[in-house]
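Trainee: With the hints as a guide, dock the two chains, each given alone in a separate frame, to form the complex.
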Amino acid sequence: MSAFSAIGSGEEREVDQNEFTPSIEPQPTWCPGCGDFGVLKALKGALAELEKDPEEVLVVTGIGCSGKLNSYLDSYGFHTIHGRSLPIARAAKLANPELEVIAAGGDGDGYGIGGNHFMHTARENHDITYIVFDNEVFGLTKGQTSPTSPMGHKSKTQPKGSAKNPIRPLSLSLTSGSSFVARTAAVNPNQAKDIIKEAVTHDGFSHIDFLTQCPTWNKDAKQYVPYTDIQQSDDHDVDLGDRRSASEMMHEAEDALYEGEVLTGRFYKDENRHAYHEEKQERGDFPSEPLAERYFEDGDWERSYDYIDRHA
Amino acid sequence: MTNDELIWRIAGGSGDGIDSTSQNFAKALMRAGLHVFTHRHYPSRIRGGHTYVEIRASDEPVKSRGDGYNFLLALGDSFARNPKEDAYYGEEEVKPLSENLDDLREGGVIVYDSGLLDVDEVENFDERVEENDWHVFDVNLRELAKEHGREIMRNTAGVGFTAALVGMELDRIEELMREAMSGDILDANLAVLQDAYDLVGEEYHVEHDVRVPTGSHDEEQVLVSGSHGIAYGALDEGCRFIAGYPMTPWTDVFTILTNLMPDVGGISEQVEDEIAAAALAMGASHTGAKAMSGSSGGGFALMSEPLGLAEMTETPLVLVESMRAGPSTGMPTKPEQADVEHVLFTSQGDSHRVVFAPSDPIECYEQTRRAFQLAYDYQIPAIVVYDQKLSGEYRNVPKSFFDQEPNPDLGSVASEEELAELPHTEGGKFHRFQHDTEEGVSPRSIPGQKGGHFLATGNEHNPAGHISEDPDNRVAQVDRRNQKLDTIREDLADESHNVVNGDDAADFGLISFGSQSGTVDEAVARLNENGDSVKHLSLSEIEPFPYDQVREFVESVDETLVVEMNSSGQLRGHIQRRLGTGEETFGSLLKYDGNPYEPAEVVEAVQHELGSVDETTSRTRLVTPGDQV
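Chains A and B, in that order, give the protein sequences. Residue numbers for the first sequence, in my numbering: 1 to 312. Residue numbers for the second sequence, in my numbering: 1 to 629.
Fair warning: there could be bad hints in the mix.
Claimed, not checked - Pair by pair, the computed Cβ-Cβ distance ranges are:
| no. | chain 1 | residue 1 | chain 2 | residue 2 | range |
| --- | --- | --- | --- | --- | --- |
| 1 | B | Asp593 | A | Pro150 | 42 to 50 Å |
| 2 | B | Glu426 | A | Gly8 | 42 to 50 Å |
| 3 | A | Thr29 | B | Asp593 | 53 to 61 Å |
| 4 | A | Gly152 | B | Arg578 | 52 to 60 Å |
Stated by the list, open to error - From chain B, some residues computed to sit far from chain A (all C-beta separations above 10 Å):
| no. | residue |
| --- | --- |
| 5 | Pro327 |
| 6 | Ser412 |
| 7 | Glu426 |
| 8 | Gln576 |
| 9 | Val613 |
| 10 | Arg619 |
Said to hold, decoys possible - Over 10 Å on every C-beta distance to chain B, these chain A residues come out as not near it, computed from the model:
| no. | residue |
| --- | --- |
| 11 | Gly45 |
| 12 | Asn96 |
| 13 | Gln144 |
| 14 | Pro150 |
| 15 | Pro189 |
| 16 | Asp235 |
| 17 | Glu248 |
| 18 | Tyr258 |
In short, the hints are calculated from the structure, not lab data. Backbone N, C-alpha and C fix where the C-beta goes; we use that ideal spot for every residue, glycine too.
Chain B on its own, in the form it takes in the complex (with noise of 0.2 Å):
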């Protein structure tokens, strides 16, 4: 827990603005040379509720949230307002600063909108504030805006505020809201940004230490969040066609590219179900277009029939599933990774399939491109998890990283020339699903080619794609398909993603994937620098499993404690099976309630399990190696 970085969190009520704020200020605090790391938490509603989103701003790299925070900025929830009553906000009156309070640092500092917040309802507000050293600054911000027209621009009044408190200049403030607005309303905005600004010179005693930090980036750095990643990477990688069907928070990157596909000449469907989605994407696929879907949990389980499909009639498929708590609708705005298993196993049959766990917006382009890649090189399905974190936090990435070439490569599809001279049946059937080939993957014909007509069937089939139930085929089939798998991992093993950090002579491991890897590398950093020896395996290629690697993480160590946000181990459950070993060497940090992780219920974890500390305090579920998840 450090002071030299602001961890600003603005609190109020869905509907008020407080996602595309928060945007916004992050984006300032990036332009003025910091790194930023955002975090959003909301409820499943569209108005009201409690909702907040974090900014963390450093001068240092920041690839996790933080632990708690240090400054609170606290709107009010207009939409719990009853009209009928005096009061403006009911039941759901004081939530921006009852809900928030438990995080907020010692020595932090509270800016509430004393026009819609009473802190006198708060329980033992003072008493809490004087035990913490808070500094608290109760200031009409809806006055305030209202004296500038419009009560809703008493967001940018609580940045000019935040500003002006921890010493940062407006100059990129309204340099993006020049970007983002005009006329009348861009001059009532700056009117009431630099109001609020000067307002905390004329009339507030500043005597925090919660400072914005200097910082300065040796290039241009952009806002993105892990859905703008595989969006990006997906457009980079030729993908023109997009099918889903909308369900949180898969929807991000739906959006992201149906909103660029017009432009690249690329085509997006909105369709009645998931099961139509995946299928769309099929079809297109089949069809010589690069095509991808997606969903999450819910949406998922319908996909499981046309995931099937793709395999069997080797029909490139990219789908992305972006994880929420479950089971069922469970909590449809609130991390989880509980779909390792769903995503691993979903269909019948030995069915196979290539799965990614990214876990920052680089490694979600990078991962997506490389899904694509290997779907149409090996005419497999390949699967992009990520988690309701990841898709929707934001962070700076130089902008020079996605200054990539294009590879809209059809991978095994063959011209017409090569065509002719590939194996056909005497009729001019095209052998579409030769037995014997190269890392068994049979060259593809798009319908309209001249000389590849063939039949694709989900049902077993011969090398001219007709049904067959013939013993030698089924069996030359089989392992054929099975073959690719094997070739894949070969192909992956050269550039992994899956990462190593932390102490190397470590008698301690951790391994996570996914949106908690980088709160784990942060926990494994702050151990070794207090002394603990430990390291962290951020796995990112699930299927195929990295056999090698993972095994020899795991052989280092004498103990591996397995992080990841569910609550049966799922991640621990896969590697076991695949390495085949014992439970006494596993154990397992757990979180279900809905939150990720902060680092330091990772180190607390750790120090534990190493007999340091003696209670684990957070809402976290530790398990030792040889007890059951």
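Excised from the complex, chain A in its bound form (with noise of 0.2 Å):
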């Protein structure tokens, strides 16, 4: 038998999302109305439709109210610290492929804190899947301007208003090497759910920039709605593969969400990259079978007294 038999038994079944949910819940310390909530659906409804095993599945979150998603979620779950959560997510999937690793937090917590590992967790084009509830403020620490709120936001730790231009959180992706950008809405659950299944069966770094209203600090629970879904509109026309198109598409979204056009959808999805374990391992440099299986086998142990005549 496997040491990690919850992982690719072969064995089909349908998988109800209800076996994510914790039986015994800690409830939610979200506030009512909260787009986290959202997210939490979505997320189980596509790991259910993915047929996910809830013990296959891995998800590392940051610090914040985004953090708690992997509380209400039961799967494997690695609550880390502010910012952080992609280092330990990329080591993880590096550590045992075959686990499906989900990576979460918030814009502070990823743009912010953790803007450069999210930079070089993109470049290097990890296997996993990377959901950022965007909401335009810190929330956890009540309502603070974080890196997407607007200029002239104003909070007690801005109070004269932002001077600062918000971060573009979908160029910044592209930019950066991610090969899946996509954004949602936690008012849209259904494309939510969507676009996290592409985003966990995409072979790559997927990052999807879930926008969930907060209305506790962003006063206006609704800002997200109306929405358009750019591969549902006519208006709008995306080639996926191609960068410059991508970024252009990505350049008007991010242009109009502050004047009140919320334009949602996948915006880049590069299918011919390798996975950043795969390219390693066509150079040589990744091992055949995960790390981990291979602490369960009794196989043979090399030892640096076989190495001992390279170095000394």
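Mentor: Below, the structure is given as structure tokens:
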């Protein structure tokens, strides 16, 4: 029997999304009307439809309201520290590429304190899915300005209004090297679920900028309505595989967002690029079997003694 | 100071092949049957500047650099040249000579490359030569090398010249050259070597006493550094994942393991910063691999966050901290032992970690293996702290030492069969963090295992991993995590690496740790030979603190001098804090000029404390018991 029998057992079965709901459920501490409920629901739905066993899924989160995602989701979870979910998720995938690794965090977590990790994870194109709960505000620390808050946003830490341009997550993601970039919104659970499914099955780094309304600190709870799904709209023509075209579409969506026009959907998808561990493997720099599996086998282990003449 | 040893110093500019030449020569001496010890001094620049490597060779085992040296090969710095001037060297012209003369012993030998260096520009050179009875050989090594094609081979010429002057056969050196190169380059080097060797017999008169000692080993030796010890120890303990960010001197162990990983089916990742590096190691460890990361002071500062997370989530994490002189960027290529407190106290809250401070390559190997064992058995961060000196100095170790069994055991991880029997929450969530466990350790599961899912979180959590601020749960979890260190202390007591050397009955005690331990041992041996009675405790286990051993040692003497390479007496402070002992029995010997101790400096300080010498002359600082550091 494999040491990780939750993974790739080959057994086909229907997975009910309630399998991802803890039976003794910690009550979510999210505020009523919070967009985070939408992410949780979409994620559960997507994983169930993909017939993922909850125990083959590792959800790594950062700190903030978004960080509690895996507290309310019954799978393997790692609630880490502010901004650091990606390096941990990356290594988990490298140590066992057969594991389904999903990382999540907020806009402060992912684009602020973890911005550098975001850039490098995208560049390396790790085969993980990254969901950023983007509500344009710091929630859990009570409403401070975040990297995606619009210019002029007033908060206790920016009482005169922010003098900074907001981060442009889609463009930043594309420039950094993500091979799948999408934006969805909690107010559209069906699109969200479909996009998560596509992201999870995509071979490479999938970044979803997930618009989550914050009724407590961003008073307009319906801030992302109405939205337009660019794939469903005749007004928008997107060539998903073309960087320049994707870039233009992203700029359009990012310019429009703060003027009240919400464009969502898939913005970029590169199906030709190898995921990072595959790229490493081609260079002879990555093991042929999961590291994790090896420790449970009674195989021969190399010893330093066998390599000593090379160095000493 | 004995004359039955050769301490050969090769000096020149960074980038002139000083390091590789010296390593080969050290290996040749080792293969000729001698014990060797190297000491490397280099500036924080890639090409040019003053650099030297010292090789101490003796028929007796050596575990320290010596006091000064007795043979200088001064090659000149080819990267200091200013092509617009007639002179080749501008201001740095004679550094290989002028920077090194202070430490050259009486009766010592100087060989300098007259093709690149001019002794007329060294202040009072002739007077000093006469005063110290030095034997000076000027030889145009550059010209000799050029005759065979390439100027860079003046290193080889210098080695050939040295061999002839100290009475060493060329066969070992030639053998190493054949292993390292081939074709025209090999032929040219062999020719240069032989020519330089022959030149001595033909044109120079040899009347000095500096000779290569003769010796023979019982068994095959290998030339390794502390960084090799750590890398090999990690590998044998099943480490197959390493993540890091380059920083001197941590890069040594990082590159050795990176080089090995593809061949042993492992993964090496160079990442964006040290926060990521330690986080990656933790991510891999969480997912069922034995993993390691590390850095030097400044980079380790960034690891403070993941270190705390590893402790709270009880994720095994092994980190290496290779100290260099600080604060901040400090002196990037110079050793210091000033990160002890940094390593002990980094991270918020009541946090705990295991800290080892090995003192030589063998201990580096053993303590790294123990760090892995404890980290994975007890689910706690373990840190191996050493320094730039130990990282880059080489010495001979019997090859058979490394002929050891690997231990890829994941420690406290449960199999799926075992998981099925362990406590779960009603809905199937595994109780990863049970309150009442033996020795404070709750079994782990690895993502992907059936029946093992749980939430790991840096927040305080209940047995299933859910965030909890319940006071009873909090106390139970803290107590359990705290309990680990006590259990580990008991575990370690039976096979401690803390060693006492010297005169058992002595009233005067020295305590040192890490890279200085060998030097202090040598000083202690010399003091005892000269009639002073001292003993030395070498601390290799810093946390959990070995109370009994240290207390017993301190109480057995009237006065204790803690020898360390920093200005604030960090180890002394740690010992006093742990023992709750007053300052009146502790003194400090401190050195922080960027150079490790020479045995004589320790000897002199102890003699001063014992009243047999009035003044100390070295660049150390002696703090008498009762005085503030």
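Trainee: Would you mind marking each hint as holding or not holding in the structure?
Mentor: Hint check:
1. B:Asp593 to A:Pro150: 42 to 50 Å: The hinted range 42 to 50 Å is violated for B:Asp593 and A:Pro150, with Cβ atoms some 55 Å apart.
2. B:Glu426 to A:Gly8: 42 to 50 Å: violated (28 Å)
3. A:Thr29 to B:Asp593: 53 to 61 Å: This hint holds: roughly 56 Å between Cβ atoms.
4. A:Gly152 to B:Arg578: 52 to 60 Å: holds (56 Å)
5. Pro327: Answer for B:Pro327: holds, closest chain A Cβ roughly 24 Å.
6. Ser412: At roughly 13 Å from the nearest Cβ of chain A, B:Ser412 sits farther out than 10 Å, so the non-interface label holds.
7. Glu426: Given a closest Cβ separation of 6 Å, the condition is violated.
8. Gln576: B:Gln576 is indeed farther than 10 Å from all Cβ atoms of chain A, at 34 Å.
9. Val613: holds (41 Å)
10. Arg619: holds (33 Å)
11. Gly45: Fine: 19 Å to the nearest Cβ keeps A:Gly45 off the interface.
12. Asn96: violated (5 Å)
13. Gln144: A:Gln144 is indeed farther than 10 Å from all Cβ atoms of chain B, at 20 Å.
14. Pro150: Fine: 29 Å to the nearest Cβ keeps A:Pro150 off the interface.
15. Pro189: Holds: least Cβ distance 24 Å, greater than 10 Å.
16. Asp235: Since the minimum Cβ distance to chain B is about 39 Å, A:Asp235 lies beyond 10 Å and the statement holds.
17. Glu248: holds (29 Å)
18. Tyr258: holds (30 Å)
Hint check: violations occur at hints 1, 2, 7 and 12; the rest are consistent with the structure.
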